[in-house]
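Trainee: Residue-level listing of the chains:
2 protein chains.
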Amino acid sequence: MKALLLIAHGSRLPVANAEVVALCRRLAGRLAADFDLIDCAFLELAAPGIGAALDNCIDRGCQDITLLPYFLAPGRHIQDDIPAIMQEKRTRHPEVRITMAPYLGQSARLLEVLAELAVAGPPGAKGGPSGPQPH
Amino acid sequence: MKALLLIAHGSRLPVANAEVVALCRRLAGRLAADFDLIDCAFLELAAPGIGAALDNCIDRGCQDITLLPYFLAPGRHIQDDIPAIMQEKRTRHPEVRITMAPYLGQSARLLEVLAELAVAGPPGAKGGPSGPQPH
Chain Z
1 MKALLLIAHG SRLPVANAEV VALCRRLAGR LAADFDLIDC AFLELAAPGI GAALDNCIDR
61 GCQDITLLPY FLAPGRHIQD DIPAIMQEKR TRHPEVRITM APYLGQSARL LEVLAELAVA
121 GPPGAKGGPS GPQPH
Chain C
1 MKALLLIAHG SRLPVANAEV VALCRRLAGR LAADFDLIDC AFLELAAPGI GAALDNCIDR
61 GCQDITLLPY FLAPGRHIQD DIPAIMQEKR TRHPEVRITM APYLGQSARL LEVLAELAVA
121 GPPGAKGGPS GPQPH
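Protein chains in written order, with the working numbering: chain Z, 1 to 135; chain C, 1 to 135.
Calculated directly from the structure, the hints in this document are not laboratory data.
Be aware that one or more of the hints could be misleading.
[Said to hold, decoys possible] Computed from the model, here is a short list of chain Z residues facing chain C with C-beta under 10 Å:
{"no.": "1", "residue": "R12"}
{"no.": "2", "residue": "E19"}
{"no.": "3", "residue": "F35"}
{"no.": "4", "residue": "L37"}
{"no.": "5", "residue": "I38"}
{"no.": "6", "residue": "G49"}
{"no.": "7", "residue": "L72"}
{"no.": "8", "residue": "L114"}
{"no.": "9", "residue": "P122"}
This structure is a prediction, so every number in the text was calculated from the model and none was measured.
Think of the CB as a built atom: it goes at the ideal place given N, C-alpha and C, for glycine as much as any other residue.
Isolated chain Z, as found in the complex (with noise of 0.2 Å):
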């Protein structure tokens, strides 16, 4: 069995968490055939964390685990604080493969969303969107 987790940072703002839950439930719609299991999980400030999360989906059976931040920087939460909580479970399940994709920022494709929405201009412009958009 194969679980994603996207990983995001967590915020005071419950609306701020309530936007990475509805976007995870979008990307298991979209990933259905790739993932037997697809959750989201918070660094900090929200729950369930990510700790909580990988027992979550080992618990379950999944062997396969893909963690996937949805984070835009290279800082040490995605060069120490993830990969410290991934090892730790490595060690207490050596059978389940964990793994980390790469950062939201580090893809190619970045550049383009941003230049559409620049170009867009801001909400509610001619042409642009009308406020917070359905991922």
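Got chain Z; can you put chain C on it based on the hints?
Mentor: Here is chain C on its own, set in the frame of chain Z:
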């Protein structure tokens, strides 16, 4: 004259700020036909700050400035901090149009970008990217 400012949070890690500068250079190449001046600015922890970058655009004769937030979450930076800086400059320079494009996290296209990263798997995996990708 039209200007575009790519707004990032700013990091204590120089490599993270350098990624934003590099991304902005590529964005400038991509949007050279749409804007006369394209630069990046940081909310905190790195230079130039947003206020200084806006002043630079105005000093160079830009009358229409778009801020494009390189942010994923609708937190206080998007809701309060960046709008406050914009409002201060609007008050001082009422002849200049200063607007904010949707922040990156609002793009409906992020779903496809994330799906692609998830399926590619960890850096170095077969068929996957082998490290940080050029934007």
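Trainee: So which of the earlier hints does this model not fit?
Mentor: Result: hints 4 and 6 break, sorted rising.
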